[in-house]
Amino acid sequence: MNALRPLQPLVGLIALATLLIVLVIAVRAISANAGFLVERQTVFLSFLGGLLVVSAVFAWIVRRSMRRADSTSSRLLLVATALALASPLTLMLLQHPAP
Amino acid sequence: MDMLLRRAVAALLTLSGLLTLGYIGISSYIAEELVYEAPKAIVKAPASLGLRFANVSFPSRHDQIRLKGWLIPGVLSDGRLTVDRTIVVVHGTRTNREDPAAHLLELTAALARNGFGVLSFDMRGMGESPAAPLSMGNLEQRDVLGAVDFLRSGRLPFPELGRPRIIGGLGVSMGAASLLMAAAGEPGIQAVVSDSAYAEIVPILEREIAKRRVAPIGRIPGVLAPSALVMAQLLYGVDFFAARPVATVANIAPRPLLLIHGTADDYVPINNFRALNAAATSVPSAHVTTWIVPNARHAQAFKKTGAEYVTRVTAFFDAALGGDRSAVGAAA
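Chains as they are written, first to last, in the working numbering: chain A, 1 to 99; chain B, 1 to 332.
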């Protein structure tokens, strides 16, 4: 079990992102009957709120993992997590370089 | 050394976390702006141009959004009214069935005066139709299909005129794109006039998003455009990537298709027209006519050419739909 501990941030990131998507889909389904104007606002605010909560939880997971990261492999996994986190932006920058 | 490495990892995680958070947050804000715009009020009605009409309401196909529109009977040369050949007129984005910028009501009136019934309606989220996400044609094609269903089996005003024998469609800009996609799968639309349609919307949206300004950050970096389109799909179920008339336009054959585009169109550049024409004519049974209007800007072909536009379009519909066969009708 201890061997899997360094994977926590990466697994946590995937789990939190999935949770946020599920939350948005649920909010959309619930608010759809109230009309699109309500749905639009509700979904947007729920997503932003969820994003902040997810960020806070993720920061807590990372901080805990940083304290326990005492081997090179666990630190490398944290670097991999950072790269995974930045991958959407990196991919876009690679496809759309600055003029 | 150990502490230095630890700090470097922490800094990397913080930086990537903050950048990604900002990236997703701003992208979702752009997506929210992209999928809706407050509707514009309708100022003029067909009566202001001396035409009889009735307000109508009908559901879109599949998702049953209640759309508002006008049914305007055509006026024959002897003054009789008719809906024997009815044209579904589809307006562009962020406007309504009157569309003053494209002079759409005047074009609608010209069709009616040339003996064509016209069903002109507000697409979802625009004019007097209920609020709904803007999808640049992907969902709006259901509105066009709803209009066809209404003409075929809905409760029509002017019951003395009967039901349309044959249906055509005329669309401008996003209306043309929606019409092309709808007609590709709906054989009930017997002839299509597409004015200023795009081949696919994503390249245009990516260009337009990069021109926008958001209060705290100013001009939006182009790098945010693709993610904003993804966020629109994730948050609101709006799939802009599916708004690609070029993928299905060939299915309109063998029904006649008239493609119109202005050479000075800088919103939907003329390469879109070429892509659509190439795709539409890729099948042997294609029946495509084209008209490139010199120096016409986006959706301004009718405004620029006036009578010539009406002559070409009515000649196209006359050839494609045949003459009026209504035996009786009410006096205008």
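Careful, some of the hints might be misleading.
In silico SDA-like cross-links for lysine to any residue, where the CA-CA straight-line distance does not exceed 25 Å [to be verified]:
| # | chain 1 | residue 1 | chain 2 | residue 2 |
| --- | --- | --- | --- | --- |
| 1 | B | LYS40 | A | VAL57 |
| 2 | B | LYS68 | A | SER31 |
| 3 | B | LYS68 | B | ASP149 |
Bear in mind the hints are in silico, worked out from the structure with no lab data behind them.
Hint by hint, here is what the structure shows:
As the CA atoms of B:LYS40 and A:VAL57 are separated by approximately 43 Å, the hinted pair breaks the 25 Å bound. Of the supplied pair hints, the one linking B:LYS68 and A:SER31 holds, its CA atoms being roughly 24 Å apart against a limit of 25 Å. Pair hint B:LYS68 plus B:ASP149 holds up; C-alpha atoms about 14 Å apart against a cutoff of 25 Å.
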